[in-house]
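From first to last, the protein sequence lines stand for chains A and B. Quick note, our numbering runs 20 ahead of the 1-based positions in the first sequence. Quick note, our numbering runs 1000 ahead of the 1-based positions in the second sequence.
Keep in mind that the hints were calculated from the coordinates and are not lab data. Where hints are given, some of them may not hold.
Said to hold, decoys possible - Coverage of chain A stretches by chain B, computed from C-beta distances (three or more under 8 Å per stretch; other residues unrestricted): (1) 66-74; (2) 96-103; (3) 195-202; (4) 246-258; (5) 411-424.
To be verified - Here are the simulated DSS-like pairs of lysine-lysine, each with C-alpha atoms no more than 30 Å apart in a straight line: (6) Lys441(A) x Lys408(A); (7) Lys1883(B) x Lys253(A); (8) Lys414(A) x Lys1085(B); (9) Lys1419(B) x Lys112(A); (10) Lys408(A) x Lys1085(B); (11) Lys427(A) x Lys1906(B); (12) Lys1090(B) x Lys37(A); (13) Lys1906(B) x Lys253(A); (14) Lys455(A) x Lys40(A); (15) Lys1227(B) x Lys536(A); (16) Lys1401(B) x Lys159(A).
A virtual CB, placed ideally from N, CA and C, is assigned to each residue, including glycine.
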Amino acid sequence: MEKEVARESVLDGYAPKTYKKRREHIVTVDSPLETPQEILANVRTLPGMLTHRGCCYAGCKGVVLGPIKDACTIVHGPIGCSFYTWGTRRHKGRSEDESQQNFIPYCFSTDMQEGDIVFGGEKKLRAAISEAVELFHPKLIFICSTCPVGLIGDDINAVAEWTRTEYGIEAVAFACEGYKGVSQSAGHHIANNQLIKRIIGTGDIQPTATHSVNLLGEYNIGGDGWETERLLKRCGIEILAVLTGDGSYERIASSNNADLNLVQCHRSISYIAEMMHVQYGTDWLKVNFVGITSTIKSLREIAIYFDDPALTARVEEVIVDEMASIADEYDYYKERLTGKTAAMYVGGSRSHHYQGLLRDFGVDTVLAGYEFAHRDDYEGREIIPDIKTDADSKNIETLDVAPIDGKYRVRFTKSAYENLKEKIEGLDYYAGLMKEMDKGSVVVDDLNHYETEEFIRLLEPDIFYSGIKDKYVVQKGGTVSRQLHSYDYQGPYAGFKGAINFAHDTLMSLTTPAWKLVVPPWRHESVLEGTVGGDL
Amino acid sequence: MPASHASKLIKPEGALVDLNVNPCKMCMPMGTSQAVYGIRACMEILHGSQGCATYIRRHMATHYNEPIDIASSSLTEQGAVYGGKANLFKGIDNLIRLYNPGVIAVCTTCMADTIGEDVPGMLNLWRDEHPESEATLIAVSSPGYAGTQFEGWFRFLHALVSQVEVAKPSNNETSPSSRQRPLVNIITGPTSPADMRWIKSLVGRFDVDAIFLPDISDNLDGARSPKYNRLSTSGTDIADVARMSQAQATIELATFIPDDYSPAAYLHKHHGVPYTRLNLPVGLRDIDAFIAEFARISGDPVPTDLTAARGRYLDAMIDSHKYNAEGRAVVFGEPDFCYAVCRMCVEEGIVPVVVATGSRCPGFAEAIEPMVAELASAFLVDGFDVVDDADFGDIERLAVKRGANIMVGSSDGRRIEAKCGIPLVRCEFPIHDHVGGQRVRTMGYEGSLMLLDTITNSLLQRKTSTFRAAIRDEFYEGPGPTVASPSQMEHSSDAPSSSVPSAVPAARIHPCFEDACPATARIHLPVAPVCNISCNYCVRRFDCPNESRPGVVTKVLSPQEALERYLLARTRVESLDVVGIAGPGDALANWEQVRETLRLIRAVDESVLFCLSTNGLLLPRYADELIELGVTHVTVTMNAVDPIVGAQIYRQVTLDHITYTGEAAAAVLLSNQIAGIKYLTSRGILVKVNCVLIEGVNDRHIDAVAAMAAELGATMANIMPMIPVPGSPFGNRPLVKNSTVRSTRERCEQYLPQMRHCHQCRADAIGKLGEDVRALFDEKPEGAVRHQVAGIAEEDPNRRVVDAPRDGSTASHPQKRVPHVSRVAVASRGGMLVDQHFGHAKAFLIYETDGQEVRYRDRRVLKNYCSGSSDCDEHEQTDEAYKRVLEAIGDCDAVVSLRIGEAPRKMLCASGILPIATCETVEDAVREAHAERLATQGSPPLDASC
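Taking the hints into account, I'd like the entire structure generated from these sequences.
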């Protein structure tokens, strides 16, 4: 079906008010390479719509802080929120040596009860911290608050201050109550702010190699970060710190000593990249280690940035070698996957990352969407000045940062920098998702359950990539699905070898004999019959 | 045996009060969401921030593998300030437009209740504004801080029963003819969909008109249908809920439900419906009770196939009880689940040693303790714990303390399973790491039998994968690397046996190992209090009689105190050449202390001989370390080489938190003794086998023990008469006659030299055999010695290399090698992956490769050079550290480690050793190093920083 017709057909299911609001979240791409059309993003979720978005706490504690392995993160609030972020994101972590603590398997909570809501929970939080210090001797404590804490006015910043004085260890408070902002995105920002304020720039680890980088926005889901690290290491590039997959306190604290920031997930970590640029003069490079073409491009751009013939040669060697190692499998999967179509609805960067990977195997993306992206993730950073700041965004603090004396490093002259920027598109810049999407494909912000079902019925993708919450709706509807949040316990999908893993898993799903016993209704039904209830 | 004493309803010692470590519970809205799926065409809208709905959907979808649709009013900061009415109304409108549910449950979250939202009032307002709407709206107060998912489940049901408008009895139903089928409400607590299907089919066998509340059987475990319905098509009809007030009886399957929100109590109070509360139908008695109730209400007899199913269950219980009697279970989860599974375990003879619920549940311990206490007392189980408001921090600690060998609960126990090796039977929500959570059966005869079989098989699996495999390999398949912990021995078995250097110096001067009592003196250091086996001739109040005569309890020393005593003894006892560890428990069961003690002494005395005695249970695990530490003489007490004989001597054997009894215990012990002795003797360690002669038990079996000992390469045997210790099971046996001992020794001489000068020393004996000068040492060490001890501790950073390369010549590694073979030193903890920082490596594994085959050669130990930033400033120390590294691995071509600092990298390069940082597997890394070396030969290494 024509994509624009599909869009209208889906929107037709809504009541007039809802129609008006949702219309601006759904775009049919008409001229991909020029200025993308405007899309409405990062605004309040419509209630009652079965959104897949999470909350501020999820973005802060679950996404950004969760993978920091040696931080003892105490969730201040009733038990549920803490339980629900316990080991559910597959961010893998391992101790680098015996002395390093690893709290990834743990879940700490103050387990607030009714009395604590009425009389305040600060006392309980202090007591919980004392117990944690006594029992686990952490070097770093994070305090994350959930909804009721902000509402009853517990001062977690004061408790963090008290912890620092009382125990002489670092403690950071994150006021990431679930109702703040409009999605996880607010939580990313809050986590970024506090890490910049209290952690980054306080460490002593110096890089040992000539070229060193930090890997930002890589959460090591299914081991992606480790595979990326292996590649970079082969090229002779040292990763000083990863933010935050398998990350550690000391390394993150020392990350300002690296030469360059590589940004994988733009949405969740771009604040840190920007602020480090201002404070320490560290440039950032938007990379993408998902997909073969993207990985090669990213490696080459890193080499261009460092402008070292030895490194450039080594990078080319590694590319040739890695390509050779996957050549046979690549051909095999490409031959079988070419011509398939996919729809994708993930997070705030992945829907972009994986399109390149799918294209490597000849798979077209007919629909892509983000849960919590901002307009710049869709349209490119050039539109940032045009984004209207609404009440919800204003409630999240924007830090005013300045160069730090003694730590700010000038790396290029102005002209050399400009010159470099011409050569590297992703230097301190992100072009967004839509420029790379095919004409006629559909982009949806905050796709909900109803729209998922409708679009699948209308666009008939061979496979739908999303998360656990929509997975079963898609499968019940007769369409193959794979999770791109947790990878269905597979992975890694990053780099050259990861691409093969991904292709293997995708092909396996598409060709599983059991699917032949299931026929999706739209294969034998007229698609026009299926409009949902509501006033048309 | 005294009666068991369970802990009371207080959190046990050491438990945390304010910090929950790994929660064993979820929040109330989780329970409401599950129960909502038991009502037809019902959807939930969670009033609060959207994360609550998202998290609960994610957790339920993972467990049930079904689409989980829970709406949210998506409150933001604006809602927090101005209230959430507008969002809630919009949410209800959107939900109705897109899904048109018949029933909408509006459940509150922490946020809504904290800001004081009046949901019932709002819903009244909404109804007024939407007179045309046919949707039934239910208001549920379920803030996360006021209870767990268990309470949430019932809160929703209670709200439903109390808010749905009561239906007027139709004429038809009041007529006498329809009265023949009694109307019965069946209200269930949290169940699996599969169990719910069983309840429905069971009730269907009786002539009753039943209303099930809730009925999640299809909605949370749906069949694939050609068309996906986004609204639930089965479950309890709201019209039936309206009829519940007319029922003749209510059966509520719940044990710990408070009357405040019990639907049955509500129906009784407001509509006069009598109710019966039954336990969940798990385990024979409670299933019987459930079925009997329906037979009573309907007047029907129990169908014969149910009787047959009952018979099969009972038969299976009898068949399995002998395996299950070893079961020491941890049962955790929701209160009713714990209670039901406990009842089932207890009637089968599995002792629930830890029962824990995350909910705060008054009456929990009082209800469970008596039944566990009775069984525990009969099974000689010393103690157990029943706790509510528990977290997994508590559960793990108690499980280890009580020696549990099986866990029953949700998949949240998997971390304990992985860490402590206690198998976990997953049969309660949530199950996140296995499939089939929605199909788990625990109820009914078949369901309970399936659960019981799973428990039994998990226990058997443990057993077959441990001692039986060892026995088979040892006796049937012939010798092989069959030890308790095979990984410990991998390295040595890779190396050609001829290249294994002997750890024993030529001079044999150990007093016990000589033919006669020589002039050498020894000191026994009592640093090992714990024992891991229980022998029938032993009473734990006294020292272990296999090595040391029972007497006053020995004062156990810390490693530091042991060092002090040794240093003192050296000044007072002539020719003190042997340090021994002989208890008072088992040396290897106290490995940390023993290792530290030997390490400390070796640091001050390079020449003293080390010996220790052990029951051998942990010998395979620590044999390599023993040798590394320089232990040259080991005594193993082996009283039997036949598990049937052994079973009469050993009451219990505990290995890795699993307690074995009977022949299993003896077999586990024996197989490890055999593997351990064999390994030690193959490495040149002198092994003496002690054997306690017990008349009427192993007196005719001693010959076989001696023969086996000889076959294993032991140096001598020491056959000792048992000393009957009052209070031990063998306490009343007569003393063995000297003549019997003598004749036994003579018989056994044909296999092995016999030790005849044994004095059955104490664990803290000092001096020559037969001249214990221990009394001299009951005072504090003198100042001079104290000073010396302090000096040792301070000198720590520069302590000498503990284990020089085993060929004895410290700096003489270089053996000529073919040029195309690379020798590579690898920093790896386990030998699988390159996973150590160069500076953190305490030892290097040495491999050789020609690019194809990778061969393990050696393990070289050194003092790690990077012991913290404070040490690294001193150039001298660093140089010293480099020297040590070069001494150990100077003959290698390359060093492979996870990371390496800049300075050591330069140092290695300067010494012609190629440093490589990688995280590959060891084999790949060694090959990579080889390739790299060839590539860079003759030119500077590729790495520019070198």
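We went through each hint and held it up to the structure:
no.: 1; hint: 66-74; result: holds (count 9)
no.: 2; hint: 96-103; result: holds (count 7)
no.: 3; hint: 195-202; result: holds (count 6)
no.: 4; hint: 246-258; result: holds (count 5)
no.: 5; hint: 411-424; result: holds (count 3)
no.: 6; hint: Lys441(A) x Lys408(A); result: 27 Å, holds
no.: 7; hint: Lys1883(B) x Lys253(A); result: 29 Å, holds
no.: 8; hint: Lys414(A) x Lys1085(B); result: 23 Å, holds
no.: 9; hint: Lys1419(B) x Lys112(A); result: 17 Å, holds
no.: 10; hint: Lys408(A) x Lys1085(B); result: 27 Å, holds
no.: 11; hint: Lys427(A) x Lys1906(B); result: 27 Å, holds
no.: 12; hint: Lys1090(B) x Lys37(A); result: 10 Å, holds
no.: 13; hint: Lys1906(B) x Lys253(A); result: 19 Å, holds
no.: 14; hint: Lys455(A) x Lys40(A); result: 25 Å, holds
no.: 15; hint: Lys1227(B) x Lys536(A); result: 16 Å, holds
no.: 16; hint: Lys1401(B) x Lys159(A); result: 29 Å, holds
Checked against the numbered hints listed earlier, the structure breaks none of them; every hint is satisfied.
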